[in-house]
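Peer 1: Letter by letter, the chains look like this.
There are 2 protein chains.
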Amino acid sequence: MATAPPPAPCTAEDEEPPSMAPHVPREHREQHGKDAPPGFIPPMAAEDVAAVEAVLGYDFADKSLVELALTHGSFYYPYRPGDTYERLEYLGDGVLTCLMSREVFRTYRTLPPGPLTRLRAANVDTEKLARVAVLRGLHRFLRHKAPQLEGQIHVFIEEMCKYPVHSNGLLDPPKVLSDIVESLIGAIYFDSNFDQEEVWRVFRNLADPLISLETLGKHPVSELFEFCQKTRRGVKIMKDEWDKNLKVEVLIDGELVGSATYAQKKEIAQNRAAKAALDKLKETLGQTESELAPAHVSEPFDELDIPGTLNTNAS
Amino acid sequence: MATAPPPAPCTAEDEEPPSMAPHVPREHREQHGKDAPPGFIPPMAAEDVAAVEAVLGYDFADKSLVELALTHGSFYYPYRPGDTYERLEYLGDGVLTCLMSREVFRTYRTLPPGPLTRLRAANVDTEKLARVAVLRGLHRFLRHKAPQLEGQIHVFIEEMCKYPVHSNGLLDPPKVLSDIVESLIGAIYFDSNFDQEEVWRVFRNLADPLISLETLGKHPVSELFEFCQKTRRGVKIMKDEWDKNLKVEVLIDGELVGSATYAQKKEIAQNRAAKAALDKLKETLGQTESELAPAHVSEPFDELDIPGTLNTNAS
Chain A
1 MATAPPPAPC TAEDEEPPSM APHVPREHRE QHGKDAPPGF IPPMAAEDVA AVEAVLGYDF
61 ADKSLVELAL THGSFYYPYR PGDTYERLEY LGDGVLTCLM SREVFRTYRT LPPGPLTRLR
121 AANVDTEKLA RVAVLRGLHR FLRHKAPQLE GQIHVFIEEM CKYPVHSNGL LDPPKVLSDI
181 VESLIGAIYF DSNFDQEEVW RVFRNLADPL ISLETLGKHP VSELFEFCQK TRRGVKIMKD
241 EWDKNLKVEV LIDGELVGSA TYAQKKEIAQ NRAAKAALDK LKETLGQTES ELAPAHVSEP
301 FDELDIPGTL NTNAS
Chain B
1 MATAPPPAPC TAEDEEPPSM APHVPREHRE QHGKDAPPGF IPPMAAEDVA AVEAVLGYDF
61 ADKSLVELAL THGSFYYPYR PGDTYERLEY LGDGVLTCLM SREVFRTYRT LPPGPLTRLR
121 AANVDTEKLA RVAVLRGLHR FLRHKAPQLE GQIHVFIEEM CKYPVHSNGL LDPPKVLSDI
181 VESLIGAIYF DSNFDQEEVW RVFRNLADPL ISLETLGKHP VSELFEFCQK TRRGVKIMKD
241 EWDKNLKVEV LIDGELVGSA TYAQKKEIAQ NRAAKAALDK LKETLGQTES ELAPAHVSEP
301 FDELDIPGTL NTNAS
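Protein chains in written order, with UniProt numbering: chain A, 1 to 315; chain B, 1 to 315.
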């Protein structure tokens, strides 16, 4: 069985980002001839199925599961719920939760549940799985007919290259990308007669490197509050409720230090504003990030919980 | 291996509720003599470990896991994080999520993810697992030193007897009860070298009968809104923000029809008020519950999502 190929380059400025060349599924290339009946939707080509299997390093007994796991709800009109990846995604989500729980439980023998949960989440959240989809090229096999998805995926790939590692809330990955990783994992779980070791072998390769306690970054809002607490600064995160662009501003001791806009999601705007403020503060202080926010194993973890509300004062 | 005993009686008025006689662990009975050094905390007695194993129908290779899975954070002073059930609870939560996902995925071959998720949740939520703990008598082996827990468990057992089946949000079970079911499940997963089939065998027996699509009840708030929509009534759920007792009132076409107070949790008060209103409406209409709210397989399920806010108008 083939193993997963190495991640696409996305770590150095002089390297190329993952290919955005549209993948034309073989079915479209070969079967759009005059012979096909009107409305005929050909199955995924055997060559593409094999390519996906090679990426996964898993040989499906039931090859039709590959097609199912990669078929978005928009692919058929009218909607055919039984022919989309949704049920497999649900199953994959369940088994990944279990296997990542086990992994961090086994790896960190004395770590309390709080950080265990954060480690688990970071390794199976939307951003991590969307990164996996792109780095392994799985997004190229997505079957859909929702034109806006291509643009969203394109933007994500560009942004992803700015953040070679998990951004902790600065990116807004299209859910469809993490969906197809979960659905392919669900498909393997089902196809292997619910063999969790087989699922783990595949996921472990796909998701390599896993996020460890050492590489687990901090959430920018938590880090900002923590930093201001340590250095006795007053911090206020302000949002203009009337602004369509969802502008969020960070005031430190009453002075505007960072801001960001992200019209699609308030939370992303807030996280980016916090990150901008942190970068500014660190630059001003002439301190390096590593000095200010080391990820020590012995740190208390509860403080990393994200404040749920805006306009909070932590001085 | 012993199998799980039948559930304690809690279904008929003339039967006794589950025993509330305090279980004095054998260690306390036998080892509180003058020989014990000051501050000495004896391990769980072998007899009690065996009793728990009999309830679970599982024979632990490492018997110390039983004690660990039943030891609440309050048991040791100062707090000894490595000697409490928290990590096992985390692991058990993960494996139960996976196994219930698989169970409903396999049982309902065409059901969409929404109802699959609701079915999974209902079978592993705090109320379901707390019921399992009480019905199997596992709560009697809980090791803790938090006096308030006894009272909370006592209240829950009394309330539980009023609702022979899952109440869908009318009860407020102490989390400790569901915790110990998860931690015992986590302990079995760990002890069996992560054998999911062994875990499923134990849980399937413990949790019998599982909640099926046919027995899955509706959330009272959803049911109320649905009922009022069907019968073209205006419904308003009102909460007095200044009332310490968290009184919630339900107005139907401007008239007070149901109310409830529950100072500990706003959500429970809201659910109980909705249930009271529904009961009143049905009584008034002379219709039976089964006529009004049958759980048909073919029903749309999205409407069962709970409105997140109070003071909502659905007329």
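Hints should not be assumed to be uniformly reliable.
Identical chains share a label here; the pair holds if one copy fits it or two copies do between them.
Said to hold, decoys possible - Straight-line C-alpha distance at most 25 Å; calculated SDA-like pairs for lysine to any residue:
1. Lys63 / Ala45
2. Lys266 / Thr110
3. Lys145 / Gly114
4. Lys145 / Thr110
5. Lys247 / Glu158
6. Lys280 / Leu171
7. Lys244 / Val155
8. Lys218 / Ala263
Hints in this document: simulated from the structure, not taken from any laboratory.
Peer 1: It remains to establish, for every hint, whether it holds in the given structure.
Peer 2: Here is what the structure says about each hint:
| no. | hint | verdict |
| --- | --- | --- |
| 1 | Lys63 / Ala45 | within (11 Å within a copy, 54 Å between copies) |
| 2 | Lys266 / Thr110 | neither (36 Å within a copy, 36 Å between copies) |
| 3 | Lys145 / Gly114 | between (40 Å within a copy, 22 Å between copies) |
| 4 | Lys145 / Thr110 | between (48 Å within a copy, 23 Å between copies) |
| 5 | Lys247 / Glu158 | within (22 Å within a copy, 51 Å between copies) |
| 6 | Lys280 / Leu171 | within (20 Å within a copy, 50 Å between copies) |
| 7 | Lys244 / Val155 | within (21 Å within a copy, 49 Å between copies) |
| 8 | Lys218 / Ala263 | within (24 Å within a copy, 36 Å between copies) |
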